[in-house]
Amino acid sequence: MATPLTATQLVAALKAEGCAVREVRAWRTHNRNSKGAWGPVNGVMIHHTVTGPGTDVVALIYDGHSALPGPLATGCVTKDGTVHLTANGRANHAGGGDGAVLTQVVDESYGDRPTAPTKHEGSTGAVDGNARFYGWECENAGDGKDPWPRVQYVAMVRATAGICRAHGWSAKSAIGHLEWSDWKPDPRGFDMKDFRRDLADCLALPAGQWQGDGDDMPQYVNLGVAEHYTLRPGVWDSIEFTAEWSDETGDHLSGGAVFARGPARFTGSLSLGVADLPVGDVVQVRMSEFEVDTHKADHPAHEVIGTPGGSFAVVPLTKRIGGNRRMRVRLLNQSSAPVKITSAVLTVLVWKE
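Each residue of the sequence shown is one higher than the one before, counting from 1 in my numbering.
Among these hints, one or two may not hold up.
[Said to hold, decoys possible] Under the rule of at most 20 Å between Cα atoms (straight-line distance), these lysine to aspartate or glutamate pairs were calculated in the DMTMM-like manner: (1) LYS145 with ASP186; (2) LYS35 with GLU23; (3) LYS145 with ASP191; (4) LYS340 with ASP281; (5) LYS340 with ASP276; (6) LYS145 with ASP247; (7) LYS340 with GLU248; (8) LYS184 with ASP143; (9) LYS145 with ASP298; (10) LYS296 with GLU244; (11) LYS296 with ASP281; (12) LYS145 with GLU248; (13) LYS319 with GLU248; (14) LYS340 with GLU303; (15) LYS340 with GLU240; (16) LYS319 with ASP298; (17) LYS296 with GLU240.
Read the hints as simulated data drawn from the structure, not as lab findings.
Fair warning: this is a prediction, and the values are worked out from it, not measured in the lab.
Whole structure, please, built from the sequences with the hints as guidance.
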């Protein structure tokens, strides 16, 4: 058992592990302490948010919703690897759970995983987990298929290590919500046994030195367009990738134009097919950086030149993109009439930083 960290101590612990930390609004005084105990604390609980594209997930965790007031966790770890701090104290994240599991966490006495829980919120004898656990809500649709970008997973391990190291806890002080309540399925998409193995590796090193197994391995992205579409003359237009064969980074939203989000490095190519482009006329191709939907920067243009029988080109895509930036591919039809994009196949390897 331990006294909860102060806000200042928590920020320092996370930054020492190398976490990118964002302090959200009045998080230092935002909590549910008036509704119940906060502490002594015994561990860290991992959740997924069950949110899809278009959700302001950080605001949701900070404010809660009509059925469950916020804050909903100590913080939210988004897909870009940022740890957004949303509460300092008790939060509505764990609910009631199994006292036998709590005993095993306190004693750090279990093997690969605690015994299966038999309690949930409202059960006779359920233990108040909101008083005893810090909570990380981690951005993910939670359907078991939504990918966990490596940069996010590493941030989740580091953030958990920051708290465990500050309290002198081992990796067995971290559990998933599904290990606490027999009603809960989260987190999906990885095994808490493997998460604790990575956490133990992190805690075995000095703070800030763990990079994560596989950090040097790139992630594969393969996108395309499902149907031919018309490119108007005289307008820079982003390719909307409507076919997705692989998106290991989780950076491409369905039907969207973004294929990489920073901070990251990538290398690959775009294979482009154009019909109805007059011989000698040009379609320019360039990578462009955006912050959300705001155009910020362009990279050098390549040219697809009209030839008899259709025009084809392979355009190299190699670049580093900084934090908060999103990379798209844009086309400019310099002909006087519309042309048809018959194929656009993007294949890149991405190294998250």
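Against which earlier hints does the structure fall short, listed by number upward?
-> As far as the earlier hints go, 2, 7, 9, 10, 11 are violated by this structure, in ascending order.
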